[in-house]
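J.: Protein chains in written order, with the numbering used here: chain D, 751 to 857; chain P, 6 to 607; chain B, 730 to 924.
I should point out that these hints are in silico values taken from the structure, not numbers from a laboratory. Incorrect hints may have been included.
[Claimed, not checked] Restraint ranges, calculated between C-beta atoms of paired labels, are given here:
1. D/850 x B/884: 44 to 52 angstroms
2. P/464 x B/778: 50 to 58 angstroms
3. P/556 x D/823: 23 to 31 angstroms
4. P/517 x D/805: 35 to 43 angstroms
5. B/873 x P/369: 45 to 53 angstroms
6. P/30 x B/739: 49 to 57 angstroms
[Stated by the list, open to error] If you want the ones that stay clear, here's a sample from chain P, every Cβ over 10 angstroms from chain D, calculated:
7. 333
8. 438
9. 453
Backbone N, C-alpha and C fix where the C-beta goes; we use that ideal spot for every residue, glycine too.
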Amino acid sequence: MTETSHTEEHQHPTADVYLRVGAVLVILTVLEVGVFYVPAFHTVLVPVLLVLSATKFALVVMFYMHLKADSKFFTFLFGVPLLLAVGVMVALLFLFFGALTLRGAAG
Amino acid sequence: MSDARGLASWLTTTDHKRIGLLYFWTALAFFLIGGIEALFIRAQLAQPNGRLVSAETYNQLFTMHGTTMIFLALMPLGASFFNYMVPLQIGARDVAFPRLNAFSYWVFLFGGLFLNASWFVGPLFHAGILNVAPNGGWFGYANLTERQYSPGPNIDFWVLGLQILGISSLAAGFNFIVTILNMRAPGMKMMRLPVFTWMTLVTQFLIITAFPVITVGLAFLIFDRFFGTHFYVREAGATPILWQHLFWLFGHPEVYILILPAMGVVSDVLPTFSRKPLFGYPVVVYSGVLIGLMSWGVWSHHMFAVGLGPIADSVFAATTMLIAVPTGVKIFNWIATLWGGDIRGTTALHFAVGFIAMFIIGGLSGVTHASPPTDLQQTDSYYVVAHIHYVFFGGTIFGLFAGIYYWWPKMTGRLLDETLGKTHFWLQFIGMNLAFFPMHLIGLLGMPRRVYTYAPELGVGSLNLVSTLGAFLIALSILIFLVNLWRTRTRGRPAPNDPWGGATLEWSIPSPPPVYNFSVIPTITSRLPRWTTERHGPMRDPPATPPEPIHVPGGSWWPLIAAFGLPVLALAPLTHTLWVAFAGAALLLLGVYRWAFEPFEV
Amino acid sequence: MTHASATQHHTSMGLDNRKMAFWAFIGSECLLFGSLISTYLVYKGRSVVGPYPNQILNIPFTSVSTFDLLMSSLMMVLALAAVQRGDMKWGKIWLFSTALLGLVFLGGQVIEFSEFVNKGLTISTNLFGCTFFVLTGTHGAHVTVGVLWLLTLWVRALQGKLGPANAMTVEITGLYWHFVDVVWIVIFTVVYLIQ
Chain D
751 MTETSHTEEH
761 QHPTADVYLR
771 VGAVLVILTV
781 LEVGVFYVPA
791 FHTVLVPVLL
801 VLSATKFALV
811 VMFYMHLKAD
821 SKFFTFLFGV
831 PLLLAVGVMV
841 ALLFLFFGAL
851 TLRGAAG
Chain P
6 MSDARGLASW
16 LTTTDHKRIG
26 LLYFWTALAF
36 FLIGGIEALF
46 IRAQLAQPNG
56 RLVSAETYNQ
66 LFTMHGTTMI
76 FLALMPLGAS
86 FFNYMVPLQI
96 GARDVAFPRL
106 NAFSYWVFLF
116 GGLFLNASWF
126 VGPLFHAGIL
136 NVAPNGGWFG
146 YANLTERQYS
156 PGPNIDFWVL
166 GLQILGISSL
176 AAGFNFIVTI
186 LNMRAPGMKM
196 MRLPVFTWMT
206 LVTQFLIITA
216 FPVITVGLAF
226 LIFDRFFGTH
236 FYVREAGATP
246 ILWQHLFWLF
256 GHPEVYILIL
266 PAMGVVSDVL
276 PTFSRKPLFG
286 YPVVVYSGVL
296 IGLMSWGVWS
306 HHMFAVGLGP
316 IADSVFAATT
326 MLIAVPTGVK
336 IFNWIATLWG
346 GDIRGTTALH
356 FAVGFIAMFI
366 IGGLSGVTHA
376 SPPTDLQQTD
386 SYYVVAHIHY
396 VFFGGTIFGL
406 FAGIYYWWPK
416 MTGRLLDETL
426 GKTHFWLQFI
436 GMNLAFFPMH
446 LIGLLGMPRR
456 VYTYAPELGV
466 GSLNLVSTLG
476 AFLIALSILI
486 FLVNLWRTRT
496 RGRPAPNDPW
506 GGATLEWSIP
516 SPPPVYNFSV
526 IPTITSRLPR
536 WTTERHGPMR
546 DPPATPPEPI
556 HVPGGSWWPL
566 IAAFGLPVLA
576 LAPLTHTLWV
586 AFAGAALLLL
596 GVYRWAFEPF
606 EV
Chain B
730 MTHASATQHH
740 TSMGLDNRKM
750 AFWAFIGSEC
760 LLFGSLISTY
770 LVYKGRSVVG
780 PYPNQILNIP
790 FTSVSTFDLL
800 MSSLMMVLAL
810 AAVQRGDMKW
820 GKIWLFSTAL
830 LGLVFLGGQV
840 IEFSEFVNKG
850 LTISTNLFGC
860 TFFVLTGTHG
870 AHVTVGVLWL
880 LTLWVRALQG
890 KLGPANAMTV
900 EITGLYWHFV
910 DVVWIVIFTV
920 VYLIQ
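Please put together the full structure from these sequences, using the hints given.
T.: Right under this line is the structure:
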């Protein structure tokens, strides 16, 4: 077993941070499901849900996958294809519907 | 392991140089197969109402010609140089993951054999021989490829074979990204990398992003054909246009996956034989990166005929015209490199200059498709066939041949004969222009592509005859090339470390290199380490014998065994046998587990 | 685990080879799931026969699955923290819990899929069925691989062959596991909540 890099490029957060992030993730999930059931939110449901899920996504990636503290190069390796994927999705939605609709053809 | 001989040492090899040679010979074999298919096509089209082959056979021929050339010849020929040259150019002893590298090769080999087995296994599917090879074109447009319209196993071979090959390319992609970024010799900064290595890096990024898209598109087709889904079935509300999007989202980056390595070769060959540094190195590198990025934004120009609407058409027309700019920039840089150089007209240089000339023609005819109104006149006609061949044959193949003549002495220790080489070049150059230039006219005169014959009234008989003559001239030139390769075994001049006066690291070590490549890992102080530049003298080549013993990784059987699981897995849907799937998965798992836990000292 | 991890000399970027390869792999996976989710979206509302998403998706049930997967991610980072500080007792416990929660998620998916089939939605019923089952099934396949991987590490730990020296292996396993989790975060929103 030879680890290539002996210079740890980052300090991992402590279990305490992990637990707190976990708690926030749970709260956000509860919010998501809550928002889904509240009729008052129906008109803004899509943006609210997108923001909530993007936040969860970012939290997991930054803290559990350590991108916040790790080498920026990993952020690049992950971020560029992620942007490409989002770009492809947006482009295809425009090509198919002429608009950015996440509710589909019926929505 | 180091200098072990015998079959087992090749089956278990993890040496990037041996894997590079395996890639080379396998890709060359597939190149010849694809070429023979092309000759059948051209013989059939030599005159109106040709009847050498039937329409069904013709469909299989052009499908397998395209698929073979792109996935089994050009990509792996490029991969052969990635394997052999990239570690040498960056001053490394091997790639980052030697066993993954072996895995990539074996998966490629099995995928290629799987696809080509379709020529012969007709009787197993209650059909004649030469009856069940893929026949839906290399682009496999849905819904023609659905079970309803292609009931035989033909498309199954294609879709499963491509899925296997994708795994090979992806595995190699991760490997070479890490190798190039992380295994460089001390002082080998990114902006000191040889351009070939740079273009390899861009290519690998395109591979790891583009191949997942085709994987998904193919997976949908597999589900449609075997499990009754409706991803491309109009009646269910779906649209076959989705396939076109997924295919070209992959397909256009794929075009650059094929051309960027050739551009890299040429960017290394030209400076060597002009005895001048590459003109505008950073611009050439950044143009390559920009081409890679922009290649993601042009895919729908393959789909103007679909009728995507004026906005989409305009956007993709604009991006397509824009991508010609960094390409054009590179061409000017190459010409400027030659300008005022101390030019030595070796065969490698002939091919590199031939590349520039032919690629300009291919690039220009490409820009003509960028305009939707003209594209509508050209699409699905022989004009497009002419374009693609100027790009892939005039471009990629000329570039790769430049690489073969340039690096063959490094890879084998023997120089290719220059007289035969130049004969090869001129015959191929004349042959390709005879074969492909008339296709522009044939297309504009109205002959559609992918038809197995045409009527004399169309008035393209003589042009087609010229094209066929050109194709056979190319075949003759390739024959001369093969003779040249064969001759080097016994009569080739032994190559010194550096037969050309090259600037890059691969020329600082023996030809062929010892198993450990560098007796001492060099320290790099300039972009042209072996040349005298304004601020630097040439580097000292590593000593002939290593001052201290070098540990070389041993071989492994497990990449081969894991790779073999994939074609077995692919046989399961083809034969509708569940236990075959379990056998394939078991092989794969066994290989991966043993691989993960075997002691593999590096 | 001795993986083909380069040579003894330092890497050019000071980053671990395997970790870099794995991030590139995750980038590649973004395009895989991106294509699948894009397909789901462009085919949304185009099914010509039912059942339709709003008639069949069970939000409370899937919310529990989502919660389960999030918790498994938490277990995973706790496992990594334990292995890094050399606490193999808790390392084993957290690794096993992660795998267990993964299995629970898979069990939930089996129940969900069977229920849909009982209600008349199969992979070939309509476009919703095609896109839904292939997207969530691909995710489920990833979870399955993750569970096998985690159980392998757990067994290695039981055998005493996994220690702080292998923290990088655990970290990479974690990267995979968390990525599968964030994909689910997106799927849960795009497929289940935005109907």
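J.: A separate judgement is required for each hint: does it hold in the structure or not?
T.: Tested hints:
1. D/850 x B/884: 44 to 52 angstroms: For residue 884 of chain B against residue 850 of chain D, whose Cβ atoms are near 47 angstroms apart, the range 44 to 52 angstroms holds.
2. P/464 x B/778: 50 to 58 angstroms: For residue 778 of chain B against residue 464 of chain P, whose Cβ atoms are near 51 angstroms apart, the range 50 to 58 angstroms holds.
3. P/556 x D/823: 23 to 31 angstroms: 29 angstroms, holds
4. P/517 x D/805: 35 to 43 angstroms: Given range 35 to 43 angstroms: violated, Cβ gap about 56 angstroms.
5. B/873 x P/369: 45 to 53 angstroms: 51 angstroms, holds
6. P/30 x B/739: 49 to 57 angstroms: Given a distance of about 35 angstroms, which is not inside 49 to 57 angstroms, the answer is violated.
7. 333: 25 angstroms, holds
8. 438: 38 angstroms, holds
9. 453: 26 angstroms, holds
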